[in-house]
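Mind docking chain L on chain G? Use the hints.
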Amino acid sequence: MTDDAWVPSEPDDGRPGFDEFVRTRTAALWRTAYLMTGDRHHAEDLLQIALERAAVRWNKLDRPEAYVRRVLYTQSVSWWRGRQRRVKEVLVDVVPESAGPPGEPEVRIMLAQALRRLTPKQRAVLVLRYYEDYSEEDTARLMRVAVGTVKSQTRHALRRLRELAPELTGLLGDPAGPESLNPRPHEDRNDDAVVTR
Amino acid sequence: MTQLGQELRAIAERQPPPTIPSGFFHRARRRARRRRLAAVGLAMTAAAGVGLVIVTDGYAQREPLPHSVSAPTKPLYDLVGAGADGPLGWLILAVVLVLLCVLWREAPRVVLVRRLVAAALIGALLVLAAPPGVALWGEPHGRIGLPDRLAEPRSWTWAADLQQSPPGRVALVFSGPATHGNIEEGRLALLAADGDRYRVFDVFTDYLEPIGAENGEVNRNRALSPDGRYLASGYGVYDLSTGRRAAGVLAEAPAGWSADGQRIVRSVHDPMDGSLRSGWQVWDLRSGAMLREIAAEQPDRGVGGVALSPAGDRIAVEQGDRIVIYPTEGGTPTSWPRGDWRIGDSAAWSRDGRLLAMIRRTQCAGCTAPLQIRFVDAETGETVDGGEFSLPADVEVAVQGWRAPDQLVVQVGGAVEVFTRGTPTPARLLDLPAGVTHIEIATDRLTDPVRRAGPPTYGPPNNFLWLLLAPAALVVLLMLGIRWLARFRAGDGGPAGGR
Chain G
0 MTDDAWVPSE PDDGRPGFDE FVRTRTAALW RTAYLMTGDR HHAEDLLQIA LERAAVRWNK
60 LDRPEAYVRR VLYTQSVSWW RGRQRRVKEV LVDVVPESAG PPGEPEVRIM LAQALRRLTP
120 KQRAVLVLRY YEDYSEEDTA RLMRVAVGTV KSQTRHALRR LRELAPELTG LLGDPAGPES
180 LNPRPHEDRN DDAVVTR
Chain L
0 MTQLGQELRA IAERQPPPTI PSGFFHRARR RARRRRLAAV GLAMTAAAGV GLVIVTDGYA
60 QREPLPHSVS APTKPLYDLV GAGADGPLGW LILAVVLVLL CVLWREAPRV VLVRRLVAAA
120 LIGALLVLAA PPGVALWGEP HGRIGLPDRL AEPRSWTWAA DLQQSPPGRV ALVFSGPATH
180 GNIEEGRLAL LAADGDRYRV FDVFTDYLEP IGAENGEVNR NRALSPDGRY LASGYGVYDL
240 STGRRAAGVL AEAPAGWSAD GQRIVRSVHD PMDGSLRSGW QVWDLRSGAM LREIAAEQPD
300 RGVGGVALSP AGDRIAVEQG DRIVIYPTEG GTPTSWPRGD WRIGDSAAWS RDGRLLAMIR
360 RTQCAGCTAP LQIRFVDAET GETVDGGEFS LPADVEVAVQ GWRAPDQLVV QVGGAVEVFT
420 RGTPTPARLL DLPAGVTHIE IATDRLTDPV RRAGPPTYGP PNNFLWLLLA PAALVVLLML
480 GIRWLARFRA GDGGPAGGR
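So the protein lines, in turn, are chains G and L. Residue numbering for the first sequence follows numbering that gives the first Met the number 0, starting at 0 and increasing by one per position. Residue numbering for the second sequence follows numbering that gives the first Met the number 0, starting at 0 and increasing by one per position.
Chain G with its partners taken away, still in its complex shape (with noise of 0.2 angstroms):
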């Protein structure tokens, strides 16, 4: 998965070691921001504006990567950002049918479409557990929040998912233990470290 074991080659001078980090992370940072918004268009704003902080303050970054994804995360759950991202919903009287069990690229459309109704936090808080196999403890840590919040969000949002598309309820596990999606704990990341001189 993601690496921010990243370090600038060149420290001393900003220039050259901030292309050469936008030039070997931009596709992984792309990602996270792209799953955490579910829109292109906002992924871009988000990335741009976490990598415009890191500029700024790149003389100063020990793990520049570190702080971008910090800036990723908090960003992408903000309460102010998250009103001018959020997809409405339109309530129709009648569930659209099902045309049969859905194939690969349906499912992953449908859960594109899923994920882009759920709150930022929820989403936030898939894309940390499922995508970068924080655990949870990691994930609040990363996020600011209690443990039981990234559980209870992690409840929510799964809970949500099956409802938004019951056909990815096979994906999704099983609803009584949501546990059984637990991903593998994941090695420290020290994703907190974002020490500044």
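Calculated directly from the structure, the hints in this document are not laboratory data. Hints are supplied without guarantee of correctness; some may be wrong.
Unchecked claim - Label pairs and their calculated CB-CB ranges:
no.	chain 1	residue 1	chain 2	residue 2	range
1	G	Glu136	L	Gly22	35 to 45 angstroms
2	G	Pro165	L	Ala117	36 to 46 angstroms
3	G	Glu136	L	Val97	18 to 28 angstroms
4	G	Gly169	L	Gly22	41 to 51 angstroms
5	G	Pro165	L	Gln5	19 to 29 angstroms
6	G	His40	L	Gln163	47 to 57 angstroms
7	G	Ala26	L	Trp89	44 to 54 angstroms
None of these values were measured; they are calculated from a predicted model. Note that beta-carbon positions come from the ideal geometry of N, C-alpha and C, so glycine has one too.
Only chain L this time, still in chain G's reference frame:
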């Protein structure tokens, strides 16, 4: 990795990453610098606005009183003196919009325009909705002199009451349909003596209204003390420096004051019939003693018809068809015939004690009543040279007092005029706003120079404003609370993204 994780990865990898432009690093740092500058500019604008008002207000208060020279104009003071409702509010809004434009420069054009329009609308509403002249940061002080015009607010409802925010000594008080409220019909507007600070005084009946005008009489009781500190009303005398009712000798409204403000004359009423005036009493305010009591030869139900000399050592009263001058310390009075002339209010006695202003309204059945003013020798009743003036008929005439030994200030209809001995045409001192029919100027202020009126202020928000704002704020808070609760129950987590 779980199956969900694999699907998430597959979704993310379908989107190609964007290209970060090569000059991104420097552009980002430039943008950050610009934002910092704009933020600092916004903070400095706010601080400068507040500081400017405080400094200017303090400067104005330290300024010596200009008794003999024209008060200097202060454009800076005029700009900021009216608080958020004046030019300062619009200036600050303009600066804020420019700074926001810099701050949001990178936003798409449509978003930028939308945000600026929203900011401009909110700002304009705040400036416009600020109650007119509500001085959030201070009010004008230290500008002695009669203003060249009076304030004409859309409504006097928002002005602070004298008891809520005492104005201190006032220069003048005025009233009329423009100031009268819907409930209280006698609302008076007061203007402070040393700045464009206005207050109101709600009373049931207008104390400035002449009594008996339908009978051709022009007199009324004096409302203001010469120094403008005390205001008489149907409720008693109010000390305008404290907003409380005066006690002692001033517990009862006087009919007139001596120009030095040390003695008053009271009307004495018949104990059996309270509206029947049976005489006058002269009181000394320093000692609290009554100096002389004069019985009316013909008790009447009128007002006025009495004037104290500037030092309070003589009193002129109308006794039948004569004017009688009594020494207040005791002694033999002198008198002279008055014909159909009446003493021109209790401020009729000139500052040097030599002249009396007399008014005559010619009465005839079915015709208009031309008015005349005459300066007479107080000892003999003889008209002095160049001391006769004719006025238009059917206008309200109220003698305000003397501006100089040979200059009498009189309200004539919708204007205040200065009648100078030897000059047949009066000079205009002040035009009254539309809907203002009565005015009384504190006699001490008549000698002050006329100054340019500044932006008016109306004191702190009055209780009426808070009564309106409180329910509105409550409704907004309730709506926000209900909305937050609804979002919380829907699992949205509330604004903070709670659990």
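Looking back at the numbered hints, which does the structure fail to meet, lowest number first?
3
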